[in-house]
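> Line order of the protein sequences matches chains A and B. Numbering-wise, my numbering comes out as the position in the first sequence, counting from 1, plus 102. Numbering-wise, my numbering comes out as the position in the second sequence, counting from 1, plus 66.
There may be inaccurate statements among the hints.
Derived CB-CB ranges, DEER-like [to be verified]:
#1 A:Ala149 <-> B:Arg183: 35 to 41 angstroms
#2 B:Glu173 <-> A:Ala149: 42 to 48 angstroms
#3 B:Glu173 <-> A:Ile152: 26 to 32 angstroms
Because the hints were derived from the structure by calculation, they are not lab data. We put the beta carbon where it would ideally sit given N, CA and C, even for glycine.
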Amino acid sequence: MSASRKTPAPDARLAEVFAALGDPVRLRLVTLLCAGGLLSIAQLTSATSISRQGVTKHLAVLLDAGLVRDVKLGRERRWQLAPERIDDARRSLDAIGRQWEAALGRLKEFVEAGPDLSG
Amino acid sequence: MNASTGTDRIERSIDMKAPRARVWRALADTGEFGRWFGVSLATPAFVPGEWVRGHITHPGYEHLQFEARVHRVEAERLLSFHWHPYGIDPEVDYTQEEPTLVTFTLEDTADGGTRLRVVESGFDKVPAARREEAFRMNSQGWDAQVGNIARHVGV
């Protein structure tokens, strides 16, 4: 690690959020909910490759992390993104910044891999 | 990696143990650019004023297009382009939206390596909904980051 690299201060809450997102199915659910609106378990199930029970279980993890909330719509339970967690512009900018970090990390690996292999 | 995020711009930098000429080639050669960025570019070179196009190669995001208009190219020092933040959906018309400007600059470090800085500016003109979209469409970046953080915290 170079001296210019800073590690964010440990933040248990943030770690919980990332842990919740650190699963492909949950990331997929969050991605679907990021599009906006209130989605039912049936809608979320049909958009993923896992069972209704699996979706329910993963939503519970996301609920604990404060990433989603449920809303009663008549007799049906609907799910939506918890905006205070992800939704504001600052956070999305931070997210884009993290994407740049990931891209720069890949570039670093690429140029430090030694002799150019691309031919 | 340094981070400074206002509301209009994102700035990140990283030090690499590679000479400036090597890093420049990884940026300015569209084939090499595509390999680390995750895009297959049909255009052979970055030429000021011209478009560079291709498709995203991250699994699950292949339907998204990469489309950028080259702004400046200064050998081994600076490459910049305008784009709509991150992969764009061919179904959506972005022509009414202001693009952001992405600028890469290179400088030597004291130990013979290279510091690369990337600045993306102009977000204040991008609607909030669109910024969310950029985030949503590029959750691939989150995958890697989430993996790193999860390992870091021992999840």
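> Could you run down the list of hints and mark each one as holding or not?
Quick rundown of the hints versus the structure:
At about 39 angstroms, the CB distance of A:Ala149 to B:Arg183 agrees with the hint of 35 to 41 angstroms. At about 46 angstroms, the beta-carbon gap between B:Glu173 and A:Ala149 stays in the expected band of 42 to 48 angstroms. Look at B:Glu173 against A:Ile152: about 48 angstroms separates their beta carbons, and that is not inside 26 to 32 angstroms.
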